[in-house]
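Asks: As you go down the protein sequences, you meet chains A and B in turn.
Mapping to our numbering: the first sequence position 133 is 367, numbers consecutive.
Mapping to our numbering: the second sequence position 122 is 356, numbers consecutive.
If you are wondering where the hints come from, they were derived from the structure by calculation, not from laboratory data.
None of the values given here were measured: they were computed from a predicted structure.
Be aware that a few hints might be false.
It does not matter which identical chain is used: a pair holds within one copy or between any two.
What the hints assert, rightly or not - 20 Å max Cα-Cα, derived DMTMM-like pairs, lysine to aspartate or glutamate:
no.: 1; residue 1: K244; residue 2: D287
no.: 2; residue 1: K360; residue 2: E381
no.: 3; residue 1: K244; residue 2: E330
no.: 4; residue 1: K394; residue 2: E383
Protein chains: 2
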Amino acid sequence: MSYIIEPLAKLTGHLASLPGIGGKTAQRLAYHIITMAPAEAQSLAGSIVEAVDSVRYCAVCGNLTDQEVCSICSDATRDHSILCVVKDARDIMAMERARVFRGVYHVLGGTISPMDGIGPDDLRIKELLSRLPEVNEVVLATNPDVEGEATAIYLGRLIKPLGVKVSRIAHGVPVGGDLEYTDDMTLLKSFEGRRDM
Amino acid sequence: MSYIIEPLAKLTGHLASLPGIGGKTAQRLAYHIITMAPAEAQSLAGSIVEAVDSVRYCAVCGNLTDQEVCSICSDATRDHSILCVVKDARDIMAMERARVFRGVYHVLGGTISPMDGIGPDDLRIKELLSRLPEVNEVVLATNPDVEGEATAIYLGRLIKPLGVKVSRIAHGVPVGGDLEYTDDMTLLKSFEGRRDM
Chain A
235 MSYIIEPLAK LTGHLASLPG IGGKTAQRLA YHIITMAPAE AQSLAGSIVE AVDSVRYCAV
295 CGNLTDQEVC SICSDATRDH SILCVVKDAR DIMAMERARV FRGVYHVLGG TISPMDGIGP
355 DDLRIKELLS RLPEVNEVVL ATNPDVEGEA TAIYLGRLIK PLGVKVSRIA HGVPVGGDLE
415 YTDDMTLLKS FEGRRDM
Chain B
235 MSYIIEPLAK LTGHLASLPG IGGKTAQRLA YHIITMAPAE AQSLAGSIVE AVDSVRYCAV
295 CGNLTDQEVC SICSDATRDH SILCVVKDAR DIMAMERARV FRGVYHVLGG TISPMDGIGP
355 DDLRIKELLS RLPEVNEVVL ATNPDVEGEA TAIYLGRLIK PLGVKVSRIA HGVPVGGDLE
415 YTDDMTLLKS FEGRRDM
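This is chain A alone, in the form it adopts within the complex (with noise of 0.2 Å):
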């Protein structure tokens, strides 16, 4: 006979499918939530229920939110004339965090990457194009990978022609990094985009 309780096996295995959860973290999660307090469970499960229902993509710039409209894109006191093109929402709260840009932001969904079967169409690009008549620049602000730099040169060649400025964040040694372990493709990247001092 295997020993198993229904409930607790049921929980872990709810616990173990959340990416980077694995079976043991599972188990001691689900051990220490059955110890909680009934009223703090209740929280917790309600806090899933609650943002799962309540959180949408901006109708504008595609961000999570849970209002009609991001609280980014309503704000006035932000510069409208300059959008960041990212890859996803959490690229918006890395940069809110370190707040380094104050303009709009536009969430593309993904990057372009024939690999996965990505093209161009499943990406929110249609939208980013009807906001550029009220844009003055466009920053590139997708990963410094294959695709990410795949998405920023197509993007580039669809929106320069249409007279608005496009540029790139820029690439290279990490502040805090080190020469000696950073990877030749991030050194290129910092020599070719040397300024004068």
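Knowing the structure of chain A, use the given hints to seat chain B on it.
Replies: This is chain B only, laid out in the frame that chain A set:
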């Protein structure tokens, strides 16, 4: 203006309060959860509430169960004359997985630890003593750390005069372990516990 999505921040906060889940992991999980199908998220939330509501302690051994008496204690095919004393219910899970023991268990609910203010009266020792009349042997399977050893010694002194056989699980070099990297205390235990071949 800081940029926060209230339901997402609440969910992230809840997840980050779980053991071993840091801020970054909580955020990653929260992002995954909000992209789940609503039914799937509801199922996850439901399993949390269900587990907290239905899982309780076995009235006999203190193991976790969704019944009045756990499936091990109510299993007539097991040997009820040999009792394995463990620190908590997770230890039972490990032993059952390894299929090394066919008797029944007793969960102490902790180990004696004066530093943390946990004395014998805080453990389920009274309940253990009340089970002894039906038992031939007690195997002490607390962890081989300071508190576990102290608890084992305490229980041994308490139970032996009652005429019940008391044993302690063996400590030594783990199977697949390497002598070179084994700590001194484990090596000492493995010599103390050596057996004729």
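Asks: Okay, which hints does this one fail, numbers in order?
Replies: none
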